[in-house]
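Whenever a hint applies, use it, and build me the whole structure from the sequences.
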Amino acid sequence: MIHLRDVQKSYSRGDQTVLACAVDRLDIESGEQVALIGRSGTGKTTVLHILAGILRPDRGEIDVAGARLDKLGEAARDNHRGRNIGMVYQTFNLLQPFTALENVLMGALFGRGAGGDAKERAAALLEKVGLGDRMHHRPGELSVGQVQRVAICRALINDPQLILMDEPLGNQDKATGGQVLDMMLQIASDNDKTVVMVTHDPGSAERMQRTVDLATLRGDTATSSGATSVETSR
Amino acid sequence: MKLISISLRNLRIRLVATVLTMMSIIVATALYAAILVMAEQTEARYEGSIGGFQAIAGPNGTSELELVLNTIFNVGEASGRIPLEVCEQLRKSRGSRFRRSQVRYAIPQARGDSISRFNFPVVATIDEMFSKFEWKREPLQFAEGGPFEYSWDELVALATGLAAHENGKRAGDEVIPERPLLQKKWKQAVVGARVARSLKLKIGDVVVPVHGKLGEYDTHEHPEAACAIVGILEPTNSPIDSTIYLPIGIHLLIDGHAGGVFINKLGAGQSPVKAESMPVDPMRIALTAVICDPLDHMGSQILRKQFGSHEEAQVAWPQDVVPKFLRQIGNAADALAVIAWLVLLVAAVSITVAIYNTMNERRREIAIMRSLGARRFQILAIITGEATLLSFFGAVLGLVACHSAEYFMQPTVEDLTGVYLDWTLFKVWELWLVLGVSGIGAIAGLAPAVKGSMTQVADNLAQNY
Ligand SMILES: Nc1ncnc2c1ncn2[C@@H]1O[C@H](COP(=O)(O)OP(=O)(O)O)[C@@H](O)[C@H]1O
Ligand SMILES: [Mg+2]
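If you read the sequences in order, they're chains A and B.
Residues -2 to 231 in the numbering used here are what the first sequence spells out, letter by letter.
Residues 4 to 468 in the numbering used here are what the second sequence spells out, letter by letter.
Among these hints, one or two may not hold up.
Stated by the list, open to error - Below, in silico cross-link-like pairs of lysine-lysine (DSBU-like), each with a Cα-Cα straight-line distance of 35 Å or less:
id	chain 1	residue 1	chain 2	residue 2
1	B	Lys188	B	Lys203
2	B	Lys5	A	Lys125
3	B	Lys430	B	Lys5
4	B	Lys5	A	Lys116
5	B	Lys5	A	Lys68
6	B	Lys95	B	Lys188
7	B	Lys454	A	Lys116
8	B	Lys187	B	Lys135
9	B	Lys205	B	Lys187
10	B	Lys454	A	Lys68
11	B	Lys454	B	Lys5
12	B	Lys205	B	Lys188
13	B	Lys187	B	Lys95
14	A	Lys68	A	Lys116
15	B	Lys308	B	Lys135
Simulated from the structure, these hints should not be mistaken for laboratory data.
Right under this line is the structure:
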């Protein structure tokens, strides 16, 4: 499902170069649920964006959900992301002017299309996460937990093979957040979806099948040739 | 959910900015449409109103255009007076055995009165206006009732009586002939279709002539000359519809203050004061115009020659004057249209600026859509769509504004120009205008749309604080 080889992304600030992330090798199989951990600033979000095709690394091979993203142009990567990848962010990133239902439908609009039965599917998803009576509410009228569930529905609307989550528990209390996460993971495993979740919360990481510490994937300039990824299995 | 619904929502959540920006589009469109409507309806009206008014004899010392505007389109005041003898000459030459006949008809008209409370113009004339005058090759048709009765001979008789009375007075005779009296049978009026409609007049209703125009300094009603309506004309879609016709005898008798109905013919070196005491001739009764119809081309030529050097009168040819006038109006309309285009340009720029200014605050929302899989061109489409929709609604509202203005300004415009604005008239070009303005809006939206589509996705999604 995911194969990264020798990927590196850096930013230049004036004469200074900041290495945002470096991954020698990362392989995640179909159906796996993986936690990606690391201290702040180690490049977790950057890796996630590279997997999503939002960022293009300076070098390296990226094979995600059957597409060589390093070889695709921007529009093709956008298209691939829309159809095959669902994303959930720490701040959930719902669009404020739109209702819960519209936010979910927007995922379909830019993914596999908002025509046909998309509206029914969106409504069914919202029903499933217990938001049947909140479909026409705007994000501002929903609680954090409800917003999180809308974001999850939006990530699922295109029935993607891969779900990428960036610290999806936000700042909510662990109990409710954890419940929603469990629900999400349940849906994912029921449908054989691959999940990659960035987190710095050990509790959340434990819920996943496997944990990858980004620091161990990092091919440092000195040892890049010999570095191997250290993976801890649950 | 479609891209257009995202555009619409974006317009709606910035409602105040949207409405303010739309204002300038509304103004530009309304202005442009109004100019076009005026030019078009003026042209249609002026070209469509000439029928029947082949030639107009009127006083010297005024422009042909003024004569035509006043006589056909009821615009402005009568620009001077001509004596009845001009009309008589025109009529005499008609059908004479030795001289080639010139005109089919020559109908005297006198203006200067109106109808109490309403400023519909009154034209004092004779019955030939309804028997001989041809409106587009046919006599004027009556919707109800019929013509009033007041013949040329009655006019001549009245003029003779008035002159005898005046001459007696001026000569200081012991026995001054009686001033002719207003006869009951003259108190009849024929009204145009729109007069009847807007004043809700029926046959038998009474209208009271006013000397002068309402609101002027020395206007006063003449209740003794109140006329009953005997005929209502069919619509002609010309200023005839807005005209009230009375027998000229009424005009002469109510207008007769201090012998003012006679035009003095001054010899060289004669003072106007002396002229006041000179004998008057019946044929010097004052008219404002004579409407004639030359029999044929030769008739026109003779008329032109005859009046080319006439000392008191001239002949205006609406067929020549009106197109010339329309060309001038066309030029003015073109100049105004340039202004409208400039306003539209400013409006377009204001759209660009207004949307461009929102781009910074919308970077995150654009990045979110991109993260959901939106391609750059879809972002471009959404933002261009906003500008297009805004312009589209602005253009539609602009047309609504234009038509409302036509409705509300109609009386004023007719008074000033003789053009009757029909607000219910919708034209194909209005559709093109809406499309054009929308297109301009789309172009105006391009710059912000390009900026929006260039929004960096990862940076604007970043949760690093
Ligand atoms: N657009 C950018 N320009 C410069 N530096 C960046 C940019 N985005 C990220 N970085 C840097 O790259 C590193 C990794 O960032 P990020 O992936 O957000 O870390 P994490 O998500 O693990 O906290 C950080 O040091 C950050 O400052
Ligand atoms: Mg991060």
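Evaluated hints:
Between the alpha carbons of Lys188 of chain B and Lys203 of chain B the distance comes to roughly 24 Å, so the proposed pair stays at or under 35 Å and holds. For the suggested pair Lys5 of chain B and Lys125 of chain A, the alpha carbons sit about 24 Å apart, so the restraint of at most 35 Å is met. Proximity of Lys430 of chain B to Lys5 of chain B is assessed by CA-CA distance (about 32 Å); at most 35 Å being required, the pair is judged to hold. Taking the CA atoms of Lys5 of chain B and Lys116 of chain A, the gap is near 12 Å; set against the 35 Å cutoff, the hint holds.
Between Lys5 of chain B and Lys68 of chain A the CA atoms are separated by roughly 30 Å; this keeps the pair inside 35 Å, and the hint holds. For the hint linking Lys95 of chain B to Lys188 of chain B, the alpha-carbon distance of about 27 Å falls within 35 Å, and the restraint holds. A distance of roughly 31 Å separates the Cα atoms of Lys454 of chain B and Lys116 of chain A; the hinted pair therefore holds under the 35 Å criterion. The straight-line distance between the Cα atoms of Lys187 of chain B and Lys135 of chain B is roughly 24 Å, inside the 35 Å bound, and the hint therefore holds.
The hinted pair formed by Lys205 of chain B and Lys187 of chain B meets the criterion: a straight-line CA distance of about 20 Å does not exceed 35 Å. The straight-line distance between the Cα atoms of Lys454 of chain B and Lys68 of chain A is roughly 26 Å, inside the 35 Å bound, and the hint therefore holds. Annotation: proposed proximity of Lys454 of chain B to Lys5 of chain B holds, straight-line Cα distance about 22 Å (limit 35 Å). Only pairs whose Cα atoms come within 35 Å are accepted, and Lys205 of chain B paired with Lys188 of chain B is accepted, the gap being roughly 19 Å.
Restraint check: the Cα-Cα separation between Lys187 of chain B and Lys95 of chain B comes to about 30 Å, which is no more than 35 Å; the hinted pair holds. The straight-line distance between the Cα atoms of Lys68 of chain A and Lys116 of chain A is roughly 34 Å, inside the 35 Å bound, and the hint therefore holds. Between Lys308 of chain B and Lys135 of chain B the CA atoms are separated by roughly 24 Å; this keeps the pair inside 35 Å, and the hint holds.
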